[in-house]
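Engineer: Chains as they are written, first to last, in the working numbering: chain A, 1 to 364; chain B, 1001 to 1431; chain C, 2001 to 2273; chain D, 3001 to 3302.
Read the hints as simulated data drawn from the structure, not as lab findings. Note that CB positions come from ideal geometry on N, CA and C, so glycine has one too. Treat the hints loosely; a few may be bogus.
Said to hold, decoys possible - Derived DMTMM-like pairs (lysine to aspartate or glutamate); straight-line CA-CA distance at most 20 Å:
no., chain 1, residue 1, chain 2, residue 2
1, A, Lys94, C, Asp2049
2, B, Lys1192, B, Asp1168
3, B, Lys1340, B, Asp1357
4, C, Lys2129, B, Glu1030
Unchecked claim - Per label pair, the in silico range of CB-to-CB distance:
no., chain 1, residue 1, chain 2, residue 2, range
5, A, Ser128, C, Val2080, 29 to 39 Å
6, B, Glu1134, D, Leu3281, 55 to 65 Å
7, D, Leu3281, B, Ser1322, 43 to 53 Å
8, A, Gly21, C, His2097, 34 to 44 Å
9, A, Ser238, D, Asn3205, 43 to 53 Å
10, B, Asp1253, D, Val3071, 55 to 65 Å
11, C, Val2080, B, Asn1063, 33 to 43 Å
12, A, Arg309, C, Ser2174, 53 to 63 Å
13, A, His103, D, Ala3009, 19 to 29 Å
14, C, Val2080, A, Ala166, 51 to 61 Å
15, D, Leu3281, B, Asp1248, 24 to 34 Å
16, A, Lys15, C, His2097, 34 to 44 Å
17, D, Phe3057, C, Arg2188, 23 to 33 Å
18, B, Asp1253, D, Phe3291, 53 to 63 Å
As the list claims (entries may be wrong) - A short list of chain B residues far from chain C (calculated; beta carbon distances all over 10 Å):
no., residue
19, Lys1072
20, Glu1228
21, Lys1334
So you can see what is in the structure, the chains are spelled out below.
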Amino acid sequence: MYSIEFKNVVKRFGKTEVIKGLNLSIRKGERLILLGSSGCGKSTILRMISGLETITSGELYLNGTLANDMDPGDRGIGMVFQNYALFPHMTVEKNIAYGLRIHRIPEDEIARRVAKAVAILNLDGLESRLPRELSGGQRQRVALARALVKQADFFLLDEPLSNLDAQLRGRARKELVRIHEMYGQTMIYVTHDQIEAMTVGQRIAVINDGRIQMLDTPHEVYRRPANLFVAKFIGSPSMNIFDGRTAAGAMRLNDTEVPLTPGWAEKTGASGAERLLTGVRPEDITLTAEPEAGSVPVEIQYHEDYGSRVGYYFTVNGEEVIAIMRDDVLHGAGHAYWKPDPKTLHFFDAKTESNVGYPAEAAE
Amino acid sequence: MKLIKWLCLFLASVMTLAFAGCGGGDTAKEAPKENGKTVVTFWHVYTKNFGAPVIKQMVDDFNKSQDKILVKEVYNPDMYPGLMKNLQADVASGKSPSIAMIGYNYLDYFNENFQYASPVDLAKKDTKDPDYLEKTFLPNVLALAKTGDAQVGLPFSISAPLLFYNPDLFTAAGLDPQAAPKTWQEVRDDAKKIHDATGEYGFYMQEYQDNWATQGLLTSNGAVILDENGKAAFASKESEEAYQLYQDMVLKDQSALHIAADEGIASFYSGKVGMLLGTSAKIGTITQSSAFNVMACPFPAFGDKKVEIPAGGNFLAVTAQSEEEQMAAWEFIKFIMQPKYLAQWTINTGYLPPRQDVADEPSVQEAIAKTPALKVAFDELPSLTPWVAFPGDVGVKAEKMFADMRDTILSGAAPAEALKATQDELNKLLK
Amino acid sequence: MKINSSEIKWHLIFIILVLLLIYPLLFSLSTSFKTMSEAFQSSSLIPGDPTFSAYERVFTTINFVQILSNTFIIATIVTVFKLVTSVFAAYAFVFFHFRGKTALYFLLISTIFIPFTVTMIPNYITLSKVGFVDSIYGVALPQLADATGIFLLRQYMKGIPMSLMEVAELERASHLTRLRTIVVPLIRPAILSIGIIFFINSWNEYVWPAIMIKSEVNYTLSLALQMFVSSEGGTDVPVAMAVATLTMLLPLGLYAVCQKFIIGTFAQSGIKG
Amino acid sequence: MKSGEDQSAWRKRERRLAFLFVLPSLAVFILFMFYPLLYTLYLSFFRWNMVSPKMKFVALDNYVNLLTDPVTVTIAENTLLYIVILVLFNFLLPYVLAFVNTFLMQKGKYVYKTLLFSSSLIALVVGAILFQWIFNPVSGPVGAIADAVGVTLPAWSKTPGLVILVISLVAVYKAFGYNFLILLSGMNSVPEELIEAARLEKAPNSNIFTKIVVPLTSSTAVYILIMTIVQGLQYVFTPIKVLTQGGPNDASSNIIYQGYDYAFTFYETGMSAALAIITMLIFLVLLYLEFRFVEKGVYYEN
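Pulled out of the complex, with its shape left as it was, chain A reads as follows:
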């Protein structure tokens, strides 16, 4: 039985349809990430779970019961808002215990739960401070504590780390995972930051234009993007996509015939796509100064030095491609050679933009 289940749910604001026929099943205690750029509808999905947004059509089930018209207060939701939504006039302790006091939970029980949350989120000594006397990180942890003490079934986070600076975000991510493993609630986490998604999520739902583009583990989403959107969205710089003029089991790159492995030949042949696009991640390309068998000559337009890595810009069939390599092997040479590694290739049907799939030998 699923903890949260969307069945062809549609959400309309006036005439614009923000969520188009959503089907999503989330297992109990799972850490699911809703990933997408702003305006893709990820927050709306979260707010529909919490009941803060109504559902235009379709059904939402929480722990198996129909929850479309269930009052937000009855859904057992602990939520962390993007701006933390701490009550400016209440101390940290009062903020955390706000919900518990509304439900008239006995004071000793409240004290116990608050103490536990304060310890876990190391907010000791801050209990009687007001939010404006706290740092961004501390405020974020208070918001977390408030959502956790409820010990609710569902733990919803709406871009909780976006207001933190870089190093704090790293530590906060680890804490989030640690806390989740401790409390074990079903956690739905909305973010537009891929790294957060990859590091925090057990599963990631990549969302765009109100639809789920792919729902899978971080590894799968990165390694085997279901379509062009996921391929480009995940990874930075994003995957190179170009027309490899793939036909009859081979690609023509910069007028060099590059035969495909039998597996790929079979996969690309069977895809039935009129035109295929080839994808390869910049960090999967290795360039060499000297040609090798089957390598493709390329002209380096310019290169960027990122300190730990180097980026080379060249064109394949007229389209710009980036290669990221650990060290500067080309020493500014104008041209280089690229021997495509079949295990790092991806092929997409140009029309349907969906991935043609991977041959057996391509699996790690």
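Fit chains B, C and D to the given chain A structure using the hints.
Structural biologist: The following block gives chains B, C and D in isolation, referenced to the frame of chain A:
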């Protein structure tokens, strides 16, 4: 939808409740009681600095003097119009005071719109001294509170218009303070001299929203305000002459000040105006507020014509509803009409007493000796005539129309036209 | 504090304005310490021989304590009721969503535009029917709600971040709890400042009490002034000024104590455009 | 949304609760604002003096008399003059000064709003008596200055036009500080950088004020403009009653005072009611203005 329906229902019910209740008050009811005593409410217009202490004294003495009646005095701000407004509002809600102090200029309006017990009837019912009226008041005094053959109430306060002047400015202008001006021509000449010599103003006549002082100006030159068949007849040669003189003093000679009452009187106190034509009621305040030794003389005459000046002040009307309350009120009125109380009243306020014999009271004689202005007021008693009260609803409008007429004349309008226009308008209303 | 030249002219204008606005207050204060005749002789702000006679007359001839308490009771009742009714109404207009809300809001706001000449006679007659004339409660009764209060509080409530209310919604907090624990505490400065304005307006009110109150025992401060102003007998000016000064004491005191408060509230958000 | 109940049940309960929240204010307004409005409308078709038990139905006579009476023309002109003076001193002046204070002054500019606000604490009846005293052209401080300068001032209390100016000053004295403060707060919604950008282009202050500040502070400004007129006309009632009772020759009366005069001096309840209804209609135009500008532009933070 439902919300608006709820609203209309609620509104409708409120409306019906309110309308049912409005309209006139209910009929006579028995006298209000307070621990056994009949309660008499006495509405007056006197302030803490003018008259109220004496009234309080009278009420306390009366309440101590017997145990059947309890009198409560109620101050009404804004003088006679203010009291009339409160009376109006009270009657509108079915209540009314036992005794109300009505300004003479409201005599007619009050008579026509309010229920009252005439002193004549009350005296008849009063077994102790049924001929109280005849033996205490002179006919001309009673006439102040009589319209047609209805004796509406008993005159209580009588004020007379007199001319106060500043001896220092007189001497500064080379005039002898002892030889006060007797005629309006002399007033004009003296005012001119004061203005030319000292640069201050020579003369100021109090300018309230009424026709009191100006009525004296017109009637003393022989004008008639209201003729026998009740028509306004003041737009005459005499009035024109009187106002022309006044206008010339203001506009031509620039010796007379034309300004709102409070400011003009304050200017006299601060020695900026030679002469002030004001009410005897202000004797107390004027002497207190002026740094110079205030002197006074009778209302100036026009040549050798007889001076006819209106009595200001008020009369007491018994507005009690029930008979028992009326008799209690009558008892109180007779109490305070005793010479020793009226003497206190005259000394403290500068009003002339409605009874002859009060003048002989030793305290009054002593006060007259001390404040010459009081003597001047007493001397003017014979030339006092009733303050003309226009009949019915016109009464409340007439005062304002006369005040507006005065303002237009003193700011340049030709007296003849202004007098005619106001007279015609009044006669239109009188039909 | 170096002020560059171009600003000098602005500062000058403001200083003149401040002096013009402060002068009458000083004038009233100084006249209240003069005798009758000195009040008329000199207009200087420093009394020749200052005397407390005016204040003595105030405290001896009128029951000042009774008048002060009447004014205080009316102002308190009016302020408390106005705040409570306005807070609830404003809350409804910001946090509830129902058809006809805008229509109802403008129905209430339209009362700002009803001049008192419309309400004075009917209210007088209604209140006299229930015997509330000449009673301080009759003065307070028609003023238990205030559309300006609803209007202003609605602006401040709109300043409250929606997410805070959503936290309460997630806790299934009742509207009353949300009002008590979130809305009121957050706009407390605004409530207090508007409350002070209500209090001072009621404290200074003249027209309605003048129509409603008859007997001296129910007088308010602004009516007490009339007990020393008589067109017939003349005005006791120093006493009138003394009463005026005493009337000003409490509003000035309240303002001095809460001035940062009031200025902060109205200057900080006020009616944003 | 309540569990188990459907959408409309929840909405009905929310509406009933909302109505309960609004009810206290609504009840007071109905009893003491709307009922009087209707009752006044009812009265405006009768001749009555609040005393006599009979009320004579006269249909539109009161309105006809009002509109044909020459005094009404004077009253209308006076009311317009009051509005012009009030708008000038209680709206335009504080509006410009709020702009100056916010953008053209740096040092020590905060003390003024505190000091200026203090005058709005005064009771109007006190203000009236004070102004009558101070502005006495003969014996008041103003008179003393005039003497020193050797000028004889006209008696404002008897000069049409001037009388309205001095009486309006009492209302200006009362409202100026408050209006200045609210307009100052309106200035907060004008981003500083917009002004700096305009200054870079050497735009004159007047242009900055009209082109940038006015549009951005329009809803606060319209609120103050409306209040200046609606409240202003009722503020000046007290000084008129205390100082001139509408004189000289109705030159200081306005649409509000005349309504009071008809009711409580001439006891023509019908005329007073008719004038009050006309006043209400004029004010409704301002209510529409409030709806169009103030509500639309209100700042939404959430």
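Engineer: Evaluate each hint against the coordinates.
Structural biologist: Here is what the structure says about each hint:
Only pairs whose Cα atoms come within 20 Å are accepted, and lysine 94/A paired with aspartate 2049/C is rejected, the gap being roughly 61 Å. For a cut-off of 20 Å, the pair hint linking lysine 1192/B to aspartate 1168/B stands: about 16 Å separates their Cα positions. Proposed proximity of lysine 1340/B and aspartate 1357/B is supported: the alpha carbons are some 10 Å apart, at most 20 Å. Of the supplied pair hints, the one linking lysine 2129/C and glutamate 1030/B holds, its CA atoms being roughly 19 Å apart against a limit of 20 Å.
Between serine 128/A and valine 2080/C the beta carbon distance is about 32 Å. The supplied range of 29 to 39 Å therefore holds. Restraint check, glutamate 1134/B to leucine 3281/D: a C-beta distance of roughly 60 Å satisfies the suggested window 55 to 65 Å. For leucine 3281/D and serine 1322/B, the hinted distance range of 43 to 53 Å is satisfied, since their beta carbons lie about 46 Å from each other. As the Cβ distance of glycine 21/A to histidine 2097/C is approximately 27 Å, the hint placing it in 34 to 44 Å is violated.
Between serine 238/A and asparagine 3205/D the C-beta distance comes to about 51 Å, which sits within the given range of 43 to 53 Å. The hinted window of 55 to 65 Å between aspartate 1253/B and valine 3071/D is violated, with their beta carbons roughly 32 Å apart. In this structure, valine 2080/C and asparagine 1063/B meet the distance hint of 33 to 43 Å, their C-beta atoms being roughly 39 Å apart. In this structure the supplied range 53 to 63 Å holds for arginine 309/A paired with serine 2174/C, their Cβ-Cβ distance being about 57 Å.
For histidine 103/A paired with alanine 3009/D, a C-beta distance near 24 Å keeps the hint of 19 to 29 Å intact. Between valine 2080/C and alanine 166/A the CB atoms are about 52 Å apart, so this pair conforms to the stated range of 51 to 61 Å. Our hint of 24 to 34 Å for leucine 3281/D and aspartate 1248/B is violated, since their Cβ atoms are close to 47 Å apart. The beta-carbon spacing between lysine 15/A and histidine 2097/C, approximately 20 Å, falls outside the hinted interval of 34 to 44 Å.
At roughly 53 Å, the beta-carbon separation of phenylalanine 3057/D and arginine 2188/C lies outside the given 23 to 33 Å, and the hint is violated. Checking the proposed 53 to 63 Å range against aspartate 1253/B and phenylalanine 3291/D shows it holds: the Cβ atoms sit about 59 Å from each other. Consistency note on lysine 1072/B: stated as away from chain C, yet its beta-carbon is not over 10 Å from all of that chain's, at 8 Å minimum. Under the 10 Å C-beta cut-off, the non-interface status given to glutamate 1228/B relative to chain C holds; the minimum distance is some 31 Å.
Distance check for lysine 1334/B against chain C: the nearest CB is about 25 Å away, which clears 10 Å, and the non-interface claim stands.
Of the numbered hints stated above, those contradicted by the structure are hints 1, 8, 10, 15, 16, 17, 19, listed in ascending order.
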